[in-house]
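As you go down the protein sequences, you meet chains A and B in turn. 1 is the number of the first residue of the first sequence in our numbering; add one for each residue after it. 1 is the number of the first residue of the second sequence in our numbering; add one for each residue after it.
FYI, nobody ran anything at the bench for these hints, they're computed from the structure. Values in this document were obtained by computation on a predicted structure and should not be read as measured data. Note that CB positions come from ideal geometry on N, CA and C, so glycine has one too. Among the clues, some could well be false.
[Unchecked claim] Label pairs and their in silico Cβ distance ranges:
no. : chain 1 : residue 1 : chain 2 : residue 2 : range
1   : B       : Leu32     : A       : Leu108    : 43 to 49 Å
2   : A       : Tyr78     : B       : Ala9      : 36 to 42 Å
3   : B       : Arg23     : A       : Glu58     : 36 to 42 Å
4   : B       : Glu253    : A       : Leu55     : 43 to 49 Å
5   : B       : Pro307    : A       : Pro69     : 53 to 59 Å
6   : A       : Tyr78     : B       : Ala367    : 40 to 46 Å
7   : B       : Leu32     : A       : Leu36     : 48 to 54 Å
8   : A       : Ser4      : B       : Met77     : 54 to 60 Å
9   : A       : Ser4      : B       : Leu278    : 40 to 46 Å
10  : A       : Tyr78     : B       : Thr175    : 14 to 20 Å
11  : A       : Leu55     : B       : Leu278    : 39 to 45 Å
12  : B       : Glu16     : A       : Ser111    : 56 to 62 Å
13  : B       : Leu32     : A       : Gln3      : 37 to 43 Å
14  : A       : Ser4      : B       : Leu32     : 52 to 58 Å
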Amino acid sequence: MLQSFPLATVRNGLIDITASVQEAVARSGISDGLLLVSVPHSTASITVVSPWDVLGLEDVHDEIVRLIPTRIDFKHQYDTPQDAAGHVKAAIVGHARSFFIDNGRVGLGHSQKIYFWEFDGPRKRTVEVKVVGA
Amino acid sequence: MSQYADFVAQIDSLPELVRTESRQIDDRMRLLLTTPEIYGIRQVILTGSGDSYFAAQAVAPAIRAWTGLPVSAMLAMEASRYLGAGVQPPSVLVVAISSSGEAARVIEATRRLRAAGALTIGVTANAESRLGLSAERVLGIAIPGAAPAPGTRSYVAALLAGYALGIRLAEVRMTMTMDEANALRAEIAGLAAALAEASRVSAEPLATLAAAWQEFRTVDVLGSGPALASAGYGAAKLVEAAGLHATAEDAEEFHHLNYFVSAPETIPTIVLAAPQSLAASRVRELLTALEGLGRPTVLLTGPDAPPGYGTWLELPAVREWFSPLLHTVPTAHLAAAWSHLLSATHYRGHAGPWHQAQGAGLVRGSAIEV
Chain A
1 MLQSFPLATV
11 RNGLIDITAS
21 VQEAVARSGI
31 SDGLLLVSVP
41 HSTASITVVS
51 PWDVLGLEDV
61 HDEIVRLIPT
71 RIDFKHQYDT
81 PQDAAGHVKA
91 AIVGHARSFF
101 IDNGRVGLGH
111 SQKIYFWEFD
121 GPRKRTVEVK
131 VVGA
Chain B
1 MSQYADFVAQ
11 IDSLPELVRT
21 ESRQIDDRMR
31 LLLTTPEIYG
41 IRQVILTGSG
51 DSYFAAQAVA
61 PAIRAWTGLP
71 VSAMLAMEAS
81 RYLGAGVQPP
91 SVLVVAISSS
101 GEAARVIEAT
111 RRLRAAGALT
121 IGVTANAESR
131 LGLSAERVLG
141 IAIPGAAPAP
151 GTRSYVAALL
161 AGYALGIRLA
171 EVRMTMTMDE
181 ANALRAEIAG
191 LAAALAEASR
201 VSAEPLATLA
211 AAWQEFRTVD
221 VLGSGPALAS
231 AGYGAAKLVE
241 AAGLHATAED
251 AEEFHHLNYF
261 VSAPETIPTI
271 VLAAPQSLAA
281 SRVRELLTAL
291 EGLGRPTVLL
301 TGPDAPPGYG
311 TWLELPAVRE
321 WFSPLLHTVP
331 TAHLAAAWSH
341 LLSATHYRGH
351 AGPWHQAQGA
361 GLVRGSAIEV
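One chain only, chain B, in its complex shape (with noise of 0.2 Å):
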């Protein structure tokens, strides 16, 4: 196959993927930890670089919410390096996520914190990694293969095991109730349908929008809260696929940073919120100013919506936190079809200026320092 078709054959498998996993990984989570240790936890810190930061940052405020515990993201070079010394040990659960297990940086962020006092699990697809090895638990995420492709299913596996510890944790302390966790769990698994109604009304809009912004080098995807870690995601498969120089952004930052850059209406907008999102009214004003920009703007939102600028797609309605499991699948499609419209090969082929890249070795290779 191609590597468009590949691409979009890994964002069609994503509902099977939300389906057949979620209730795996549950059932994995519910053995990690014991009851003693989840009542010890007096802070959460989750960690990783790349699309695991994105995954982190995605259900921190999903973990927050239901257990009232701090829990905070953590880019993994600010847990290794500049952390350490706010550790009190053993209070503090640092949960470290990389699908391959090999992330230079999210290694030395668990073997640092671990040596500090803090209880570390690692998230990884391979246990016999370097990051399963360092960590005292794994949370195996390990999923059936797919074609090669800027990482969609990876990502999901991870913020599968988020959801899963958010709601383990928040069931164990006992601010959620067993039946309130179970359907929780439910609702996970069930948003596969979601994701399948997602694609279906999203790739042919995107797919054209892409075609009319194919000139365009500069992008800018905007959101808040876990939208914020969805916005991430999606630049970064703008960058992977189609090689585009493409930023996330914060909804109240953009009026603070980017609003400002120059030539606004050779820039496309990605907007990402839904109508029931907590920041949707500042989404309201940050439309209002896209449009007195003039900037080509799409905005990824929900059922009922109030009309606003630029080209709207309506997504099924979910609940704020599990938004980012839905965004995974326009924002690909979106970063799939610009690619092929591009004939870009998906990470510049490791190859040319880009040929340190191979075998992700700027990220595995990098000196860990503990």
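Bound conformation, chain A alone (with noise of 0.2 Å):
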């Protein structure tokens, strides 16, 4: 069974969807399988990140802002500048990533977090979980 999550953003950068795609994980009832978080869009992206520093995020979102500013000369020009940098950010990142479920644990280390990537902010988002079972 697909799930799936709406996400206001208010802003570009990390969001922390941990619970909710844990939550996801427990109500599917399989403990022990594969887990994929996917976003539906193509100015957003799904990471892991260490979450024990704010400022750490800061660095991770602030670099990818540096190597791909939002300008105006992008080629692509039907819909906004910021839009059109958030897909070669996306593109470069990726919209899903995938996890292993153990014994009901989602596969992530102790300095590891799942965040919602937003390029694009602020957007109405849907993040989607698929689990299977091995």
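With the hints as a guide, bring both chains together as one complex.
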């Protein structure tokens, strides 16, 4: 069963969705298998980052902004400059991440949380979760 | 059909026009300007004559609010003959509106301002018109044809173009998010229902009012902000359809000017203001002034308006920026009914003393000076 939950972003950057993903895993009733966390968007991504220092989260976002800044000379001009830059960022980072589930536990280490990464906020977003039993 | 039936048919067609054309105009607007061009804009001037000027005036406050840019509506004569020295190329976006694309002064303004370095957009139903060929870009507002009547559909199309422009500028300049922009686009298309409801609640009461006022020949139409443009449009329809001497005036300026016109009991006064309008408090004072004068008055307002003087018509609630779209319906209904009661020929048939207006010759044939 595909599960999804809405997310209303208020800014660009990283949003911790680990708890919501873990709840979806628990609802699935599957204790061993594979988990896919995905976004049906082209200007947002899923990634894994350490949560312990919020400034570290800012570093991660600042760095991708430095690499792919919002500019007005993108060829894609159908939407907005931020949207155009967001497409590039999302293409590089990727729209999904997979994890194993072992004995009901999502395969994350002590310094890993799952983050929704907004590149074109604020937007109304959706996160999709698929759990497949082993 | 009779000219009255033609006019009413045009009014009745407006909701469908909004529903179908708003998205199409949006799509055309999306590809009209490049992102660097949009970021180069430091000032927006919307210009036109007649209904096209009212359309410019109607959308200017919304574009200003959405973009944070200096945005002004300017009469074509002012834009063409009295502006040139102030234009600082290439930072000015000039949006020249003429449905036919053949209004001489609008063409002249476009050519002069383009020569001065402004980026020019012609908003017209005819890309091959002189305006279309004079402007660097054309935002097409061609709409399905309808029976002849004083312009209502072309005015609505120009309004839709103005809103589409403002939303697009704001979205790309990121003074509005894409979600907000798309919500506004959906809201505009959804106004079709409000226009239909406005027609349902206003046609009969305004016909009754026109019957009561049919002996009068002078009318004031009052409003502020976007509603001042509606007042201009409403007065224009009374002139064009019924041949009345109708004047539009700002709700503030009225207290300085037409308040003092003699025989106030013979001057019907139409006031346009929603209760949530930014000018609402002044409109309440205006109604007290009109009561003191004993002017026959109708207030075209919205839900939850506080009680006041005159006949009240409650129109559906819409965002103030979009009120000019809504106001097209009751103001046109009043003009259609009044004209019908007087058996007036629209535009006096362009005959007799008015024969020079045949083929819009007076506005199209004026000498263009560039």
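Hints versus structure:
1. B:Leu32 with A:Leu108: 43 to 49 Å: holds, 48 Å
2. A:Tyr78 with B:Ala9: 36 to 42 Å: Distance hint for Tyr78 (chain A), Ala9 (chain B) holds at roughly 37 Å.
3. B:Arg23 with A:Glu58: 36 to 42 Å: The hinted range 36 to 42 Å holds for Arg23 (chain B) and Glu58 (chain A), with Cβ atoms some 40 Å apart.
4. B:Glu253 with A:Leu55: 43 to 49 Å: Distance hint for Glu253 (chain B), Leu55 (chain A) is violated at roughly 57 Å.
5. B:Pro307 with A:Pro69: 53 to 59 Å: holds, 57 Å
6. A:Tyr78 with B:Ala367: 40 to 46 Å: holds, 42 Å
7. B:Leu32 with A:Leu36: 48 to 54 Å: Distance hint for Leu32 (chain B), Leu36 (chain A) is violated at roughly 41 Å.
8. A:Ser4 with B:Met77: 54 to 60 Å: Given a distance of about 58 Å, which is inside 54 to 60 Å, the answer is holds.
9. A:Ser4 with B:Leu278: 40 to 46 Å: holds, 41 Å
10. A:Tyr78 with B:Thr175: 14 to 20 Å: At 18 Å between Cβs, range holds.
11. A:Leu55 with B:Leu278: 39 to 45 Å: With a Cβ separation near 43 Å, Leu55 (chain A) and Leu278 (chain B) satisfy 39 to 45 Å, so the hint holds.
12. B:Glu16 with A:Ser111: 56 to 62 Å: holds, 59 Å
13. B:Leu32 with A:Gln3: 37 to 43 Å: holds, 42 Å
14. A:Ser4 with B:Leu32: 52 to 58 Å: violated, 36 Å
Violated hints, listed in ascending order, are 4, 7, 14; each of the other numbered hints is respected by the structure.
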